[in-house]
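*Asks:* Work the whole structure out from these sequences, hints included.
If you read the sequence shown in our numbering, its first letter stands for residue 15, the second for the next number, and so on.
Bear in mind the hints are in silico, worked out from the structure with no lab data behind them.
We treat Cβ as the ideally placed atom computed from N, Cα and C, and that holds for glycine.
A portion of the hints provided could be inaccurate.
Keeping only pairs whose Cα atoms sit at most 30 Å apart, straight-line, the calculated DSSO-like set for lysine-lysine is [as the list claims (entries may be wrong)]:
| hint | residue 1 | residue 2 |
| --- | --- | --- |
| 1 | Lys-44 | Lys-31 |
| 2 | Lys-123 | Lys-31 |
| 3 | Lys-138 | Lys-121 |
| 4 | Lys-31 | Lys-121 |
| 5 | Lys-114 | Lys-138 |
| 6 | Lys-31 | Lys-114 |
| 7 | Lys-289 | Lys-238 |
FRET-style restraints, in silico, Cβ to Cβ [claimed, not checked]:
| hint | residue 1 | residue 2 | range |
| --- | --- | --- | --- |
| 8 | Tyr-92 | Asp-168 | 26 to 36 Å |
| 9 | Ile-51 | Gln-170 | 51 to 61 Å |
| 10 | Val-253 | Ala-91 | 16 to 26 Å |
| 11 | Lys-159 | Ile-51 | 40 to 50 Å |
| 12 | Met-69 | Val-112 | 25 to 35 Å |
| 13 | Gly-33 | Asp-282 | 23 to 33 Å |
| 14 | Ala-215 | Asn-124 | 27 to 37 Å |
| 15 | Glu-54 | Ser-269 | 19 to 29 Å |
| 16 | Phe-171 | Lys-31 | 49 to 59 Å |
| 17 | Gln-170 | Leu-195 | 37 to 47 Å |
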Amino acid sequence: MNYFRKILICYSPEKDKDGSISYLVAEQAKVLHNPIIPSEIDIVSVEEVVVVEKMYDLAISVGGDGTLLRVAHLMAAYNTPIIGVNLGRRGFMPEIEVDKIEEAFEKIKNGEFVKKSYPYLFGKTENDEDIAVNDIFICKSSILKTVELALYVDTQFVAKYICDGILVSSAFGSTAYNRALNGSVVHPDCPVFIITPVGTADSDFKSLIVSNQSVVTVEVCNNKGDKYTTVGFDGTQTVFGLSEGDVLDITVGSSFTMLHLDSFEYYDNLRRKLK
Numbered sequence: 015m016n017y018f019r020k021i022l023i024c025y026s027p028e029k030d031k032d033g034s035i036s037y038l039v040a041e042q043a044k045v046l047h048n049p050i051i052p053s054e055i056d057i058v059s060v061e062e063v064v065v066v067e068k069m070y071d072l073a074i075s076v077g078g079d080g081t082l083l084r085v086a087h088l089m090a091a092y093n094t095p096i097i098g099v100n101l102g103r104r105g106f107m108p109e110i111e112v113d114k115i116e117e118a119f120e121k122i123k124n125g126e127f128v129k130k131s132y133p134y135l136f137g138k139t140e141n142d143e144d145i146a147v148n149d150i151f152i153c154k155s156s157i158l159k160t161v162e163l164a165l166y167v168d169t170q171f172v173a174k175y176i177c178d179g180i181l182v183s184s185a186f187g188s189t190a191y192n193r194a195l196n197g198s199v200v201h202p203d204c205p206v207f208i209i210t211p212v213g214t215a216d217s218d219f220k221s222l223i224v225s226n227q228s229v230v231t232v233e234v235c236n237n238k239g240d241k242y243t244t245v246g247f248d249g250t251q252t253v254f255g256l257s258e259g260d261v262l263d264i265t266v267g268s269s270f271t272m273l274h275l276d277s278f279e280y281y282d283n284l285r286r287k288l289k
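*Replies:* See the structure below:
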């Protein structure tokens, strides 16, 4: 049997308004407790928790992709295994559907799962740094203006773009904003970065896939009259500004861990979600 003594359930109040699904998850998750050792299950709103201050054996996200992203950020200091219960419209990342909760936890108890590690993206400037699960977006600040950005890979110049921005995505995040930009969907096990300029008329390198052992560098050449260019990590998890001449380096960071059921099939899940 596989037991988990300390479990964190982190839910989206928007998706689980009355908390009923979270408490259902908590009841079913009790099968993961060793009956002879004191255990605990904490239930928190993803909008209320800022910092997780203790180690958990398992983190359960209850919501959509955005909730699981937030949980992955919260668990960065601990690398606690994460699994998601899907309440989202599509939900590419949370693999447990509500009607399969009991079955899923029985499988986890019986060891019918694997743990897989995926790297964070790590973005660093001279003054700021942070991590992302899905993507880092370097973009214009004003809706009616563009920005001029230069792209380098391993210090080698690739291209200069007058554009709305440049998105750098992980393979794990290829089904997020990258897919909305008609970027390639990449299996999350692939060790790559996907680099996509956004809103550019330039013809060179519309999208570029490179090894995630590379250093991807974006330089702000011209803010086109704006005070700064915006850098966003996983949408709005963290945002800071770049002035003209500033450089952002993107590399592989530390890892987060997902718990996948043995019955989970990536391509079957992808096919269903894309319908």
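*Asks:* Run every hint past the structure and note whether it holds.
*Replies:* Quick rundown of the hints versus the structure:
1. Lys-44 <-> Lys-31: holds (22 Å)
2. Lys-123 <-> Lys-31: holds (28 Å)
3. Lys-138 <-> Lys-121: The hint is violated at about 40 Å.
4. Lys-31 <-> Lys-121: holds (28 Å)
5. Lys-114 <-> Lys-138: With a Cα-Cα distance of about 41 Å, the restraint between Lys-114 and Lys-138 is violated, given a limit of 30 Å.
6. Lys-31 <-> Lys-114: Satisfied, since the Cα-Cα distance of roughly 20 Å is no more than 30 Å.
7. Lys-289 <-> Lys-238: Roughly 40 Å between the alpha carbons, so the hint for Lys-289 and Lys-238 is violated.
8. Tyr-92 <-> Asp-168: 26 to 36 Å: holds (32 Å)
9. Ile-51 <-> Gln-170: 51 to 61 Å: Taking Cβ atoms as reference, Ile-51 and Gln-170 lie about 55 Å apart, which means the hint holds.
10. Val-253 <-> Ala-91: 16 to 26 Å: With Cβ atoms ~21 Å apart, the hint holds.
11. Lys-159 <-> Ile-51: 40 to 50 Å: violated (59 Å)
12. Met-69 <-> Val-112: 25 to 35 Å: Since Met-69 and Val-112 have Cβ atoms about 28 Å apart, the given range 25 to 35 Å holds.
13. Gly-33 <-> Asp-282: 23 to 33 Å: At roughly 31 Å between Cβ atoms, Asp-282 and Gly-33 fall inside 23 to 33 Å, so the hint holds.
14. Ala-215 <-> Asn-124: 27 to 37 Å: Taking Cβ atoms as reference, Ala-215 and Asn-124 lie about 56 Å apart, which means the hint is violated.
15. Glu-54 <-> Ser-269: 19 to 29 Å: Since Glu-54 and Ser-269 have Cβ atoms about 26 Å apart, the given range 19 to 29 Å holds.
16. Phe-171 <-> Lys-31: 49 to 59 Å: holds (51 Å)
17. Gln-170 <-> Leu-195: 37 to 47 Å: violated (24 Å)
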